[in-house]
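With the hints as constraints, model all of the structure from the sequences given.
Read off the chains here:
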Amino acid sequence: MKPTVRPSFVRAWPCIASDFSTFFLRLPPPPLAHARNIAQIRHRRIHSSLSPPPPPPLLASSPPSVPPPLFLRPPKYTTTVADLLEWHSWAKSLAASVGSSFEDSDNGPDSRLLCRELNWLMEDVLDGFDPSLMHKAVARDDPDVIVSSRADVQELYRLWKQRIEERRPFQYIVGCEHWRDLILCVREGVLIPRPETEIIVDLVGDVISKDQGLREGLWADLGTGSGAIAIGIAKILGDYGSVIATDLSPVAIQVASFNVERYSLQEKIEVREGSWLDPLKGVEGKVAGLVSNPPYIPSDDIGGLQAEVGRHEPRLALDGGAEGMDDLLHLCNGAASMLKPGSFFAFETNGEKQCKFLVDYMQNQLPGSFCNVNTASDFAGTQRFVTGFRNG
Amino acid sequence: MRNMSATFLRRSRTGYSSHSPNWASRAFSIRSLFGFAAPSESRLEVPESSRFRGSDGSGFVAGPRSRVGASWVRRLEETLGRSGCPARFGGFRPFATRAAVEPATSDGLTVEGIISNQWTILDESEGDWKSHAAAIAQSISLIKRRLQWKNLLVRLELLSRQLDKPYLWDDPQHAGKISREHGTLMVKMKEVMEFEQELLEHIDMIKLAREENDADLESESLKALLRMRRFSKEKELEALLAGEHDSCSCFIEVQAGAGGTESMDWAAMVMNMYKTWAQRRGYGVTVVDEMSGEIAGIKRATIKVDGEYAFGYAKAEVGVHRLVRISPFDSNKRRHTSFAAVAVIPILGGGFSHVQINESDLRIERFRAGGAGGQHVNTTESAVRIVHIPTGVTATCQNERSQHQNKASAMAVLQSRLDRLEMARQAQMNAQHTQSLTEISWGNQIRSYVLHPYRMVKDLRTNYEVSDPDSVLEGDLDGFIWSYLSDLMDKDEASP
Ligand SMILES: C[S@@+](CC[C@H](N)C(=O)[O-])C[C@H]1O[C@@H](n2cnc3c(N)ncnc32)[C@H](O)[C@@H]1O
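Order-wise, the sequence lines are chains L and Y. With numbering that gives the first Met the number 0, you'll find the first sequence wraps up at 391, consecutive numbering, no jumps. With numbering that gives the first Met the number 0, you'll find the second sequence wraps up at 495, consecutive numbering, no jumps.
Derived by calculation from the structure, the hints in this document are not laboratory data. Don't take each hint at face value.
Unchecked claim - For lysine-lysine, the following BS3-like pairs were computed, each having C-alpha atoms within a straight-line distance of at most 27 Å:
1) Y:Lys232 / Y:Lys457
2) Y:Lys149 / Y:Lys232
3) Y:Lys298 / L:Lys91
4) Y:Lys332 / Y:Lys457
5) Y:Lys274 / L:Lys91
6) L:Lys285 / L:Lys339
The model shown is predicted, which means the values in this text are computed figures rather than measured ones.
Okay, structure coming up:
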């Protein structure tokens, strides 16, 4: 699919608006695989620097500079295979030097994983250029082959340094995360969606395959972050139903809106800003399904998190209060008033302990509200989700 | 001009193409006219109706005075039957019956007849038509043997009878299967019959030309025979790929034997050899699963090779591959012997009914499940392993960027493994267990790659050998594959 750039992009990535939109909107994607195109590239560069940049939108919450996701940038740079390889082997040895030290200290990535990330980085940076072709160019002793790329080599050095030395998450480096069959744009300020959470969409899929009424209904994803769950659900709803996606964080709202538009789902997903159930005012008792992956890490555990998470991801997305249950309990208490009879809910939790607590809480503290309350496991075998139906 | 030669006829067909350029150029390229399409071309893609549209009478007209030409057209028409008819309206039985009748020249010479004449087969450059004809006849006979022609006839008859049953389409799925198999079989057989027909036409033509002292016609027919003779060699090879699943895409799996880094490096070299081999053949290659060694190489890896006949070729590689060299990982520069096992699994296409997998029979696991998971962890590791509990068969994928896609890829591998198990089970029941299905044991060495003290690659099954290991390791495998496949067939032929 070909994403279109709309105003929400400018909001989600404010300070690159001028440069990026100039390239992205006015020029067809230039396939610059050969040296003879260089003159053209120069011309384009000059052209872009001459066009007056629109005034940057003033959004207090936006960080000062957010480059767009790598894979969405135009391939406006060219580099020789030799330079790229030099960077690559530097990056590889930096990754190798990590060994298992991150893993040992906080369960972070080992060098094998980092090397795989490096390949993916190449994939995103090179413009339709198969990395194995690089090695062929080398094998043919042809290091001067010129390839076009979405970042210049200097930036690649900087990015990989951040990855290793600052433990900046790979997904922030490339600006996206592959999640289910989606490529979701992410940046600092929004939680990187986790593989475990993919299962929430499967759980919804099971339910709607058995109940057309639910498929045609209104769904809510509370604390949507990048919009992952909401988009996943909207896609499996197909031609039916619709989704409201909410978040308290303005950055999340921007990023979610951007992702929704990239998948052309604006008609199906409404993104609303506000705290938990507040944005659902007006649809009380009408919701056919409510899902959420709220912050659930106990406050005391935040300090000991893996560096990629603790140092870089937003605390608002992680910290669930003393027991980690503040937001989950808040949602349980409020859910009944939003859900219509027979409707479905699913919450992600920190694991078995929280799951058990919630099941117990719903059965004993909220008697008569829900039925078929159950837990479901993630692929690692951890009890991760609580699901059930509104009585009716 | 007295008579229109077959060559000329072909030209006039091409001429007709100006009216309907699409089908004509596709259906009557020399290659498709001369039989099997190349492995890279889709041989079933050409729709029946367009492929033979030329024979419906409205297309080309041979001309009233072209005696031989006219009979050629008539016979072709007969041979091809009413190919445009959908299966349910019948029209196949005559084909099945005709297929059993041996075609002959106007004076009764058949392919078997040519062979029993024992005409000397001279070099191609010796322009003797009898020599060409004898060589082609031998090829045809070899091709028929390789295709197990008699079995095909029996099968065709059986399928035709089923298609004639009045209530066949009450069970559309079954009917679809029957009519698909029937169609495939027809295409396969027609190609050989056309080729045979063509040979006899040219012989007729040469005799006629001699009678009438037409030197041009004679030399043209002679050239046509030579061309057929060259094609027939290729067709002999292609007939080796007539197995039920040969045309499928496949997975290739490589596993390192015991021996640490050196053998893991060897496994990686073997995998690389297949990747380049497949790429050179124009196949799509994707890494499905790869477990790398600690220092170098791979412990195990699976690639998916996408394209026609990938399985047919790759099945020749099943077994254990042995390397002898001075190990670069040995500081004492000693000679090492290492092993890598190769398995090949066909990815069965539409006509095959896959093993039904029950969601509840599966256990899906994520690798490196250590730690609290969820929001606690940011990892790009999303490898998935699926265990099929009733059989214990597992599949893993860790090469995709999302867990969802890893799961989808692993499911595809699992499906193929279960299908293979089922095939093996059925094959055993039919006592037709084929080479490709034997489980690989480390004793099952098929090929030896020696880099030191001398340089050679030798296939232990066929004794085919090459003195340039580098080219082989760079994917130059076709010689090994062809020699193995022909050996295999010849053995089959020897013991029917
Ligand atoms: C663990 S993240 C989940 C994000 C996304 N749903 C996912 O699964 O990737 C929790 C989200 O809840 C949002 N959040 C935190 N407090 C909130 C509140 N009071 N109201 C609404 N959303 C809130 C955070 O901004 C964050 O995006």
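Here's how the hints hold up against the structure:
1. Y:Lys232 / Y:Lys457: Distance of about 24 Å is within 27 Å: holds.
2. Y:Lys149 / Y:Lys232: Cα-Cα ~21 Å, so holds.
3. Y:Lys298 / L:Lys91: 21 Å, holds
4. Y:Lys332 / Y:Lys457: Status holds; Cα separation ~24 Å.
5. Y:Lys274 / L:Lys91: 23 Å, holds
6. L:Lys285 / L:Lys339: Status holds; Cα separation ~5 Å.
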